[in-house]
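Q: Sequence:
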Amino acid sequence: MTDVLVRAQTLGHWDAAVEAAARIAATFRGALTAVHVVPIGMPPVTTYDPGMLAAAAAMEAERQVREAEGHAEAFSAWAASMGARNPVWLASAGDAAQALEYVAGCHDLVVARLDASDDDPWTHVGGVGRITIATRLPTLVLPAGGDAGRVFGTLVVAWNGRPGAARALHGALPFVTRAHRVVVLTGERQRPLSMRRSFCLEDWLERHRPDAEVRALGDIGDGGEPTGAALLAAARREDADLLVMGAYGHARFSEWVLGGVTRHVLAHADLPLLMRH
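The opening residue of the sequence shown carries number 287 in our numbering; numbering runs sequentially from there.
Keep in mind the hints are simulated off the structure, nothing from the lab.
Think of the CB as a built atom: it goes at the ideal place given N, C-alpha and C, for glycine as much as any other residue.
Careful: at least some of the hints might be erroneous.
[To be verified] Here are the computed distance ranges between Cβ atoms for each label pair: (1) G510 x A343: 36 to 46 Å; (2) D406 x A358: 13 to 23 Å; (3) E346 x I419: 22 to 32 Å; (4) G356 x D497: 24 to 34 Å.
Please take these sequences and the hints and turn them into a complete structure.
A: Right under this line is the structure:
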């Protein structure tokens, strides 16, 4: 079973991320939780008064949360008709990453939409990155214009032997076992410390996908935009429907400043990604 979490961006109709989350939950006979988060902003007033501004913002956020809560019955009926089990609709106000983090512990996957042209900051690279880090769940990232019902027939895994890659691969197991074809792209491996037993990719594949194809990419750099570009190019050559990879292997601040593989892949992806921090 895969219990799926998603942020619902819209009310009255369900955006592409929610539709994809419902389809995935149905595929794996899992539950679906959608969270609509009202941003807290300061409404315009004619007279500047900090106290009045804060009170007005809180009242407006509360009104919008109550309005969103009124969509629970419609969402549950729709999600059940899609085949998702135990659909739950939640509404809150504030920071979307924190709201998702609060309920992430009882879920297996979070779905996020990526669209830099949208006014919603949570669909931008930084917003999706924050959701991935806050929830610590495998995060299915859908690029703009993607098909919410897309079947992930060919799955490509970016593998460098590091813990982040192992966590991502483990999180992708439901997709790995259902894919028609699995390709593992191996780069230069980080040498484990002598007293630690490293994750054995070969043993894992033998248990779960003995027919997986392994491609050696060689040295594609130790991070940054060249590595991210090489991974995307290799995934496209394999005609991948889904790219699985670790996210933010270094401290996120340093990776953001220096470019980083994760940031580059998120900024340039034209295929769905499954990332895990």
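Q: Confirm or reject each hint.
A: Here is how each hint holds up against the structure:
Against the hinted window of 36 to 46 Å, the Cβ-Cβ separation of G510 and A343 comes to about 40 Å, which satisfies the hint. Under the hint 13 to 23 Å, the C-beta atoms of D406 and A358, about 22 Å apart, fit the expected range. The given range of 22 to 32 Å is respected by E346 and I419, whose C-beta atoms sit roughly 29 Å from each other. For G356 paired with D497, a C-beta distance near 49 Å fails the hint of 24 to 34 Å.
Comparing the model with each earlier hint shows a violation of hint 4 alone; every other hint is respected.
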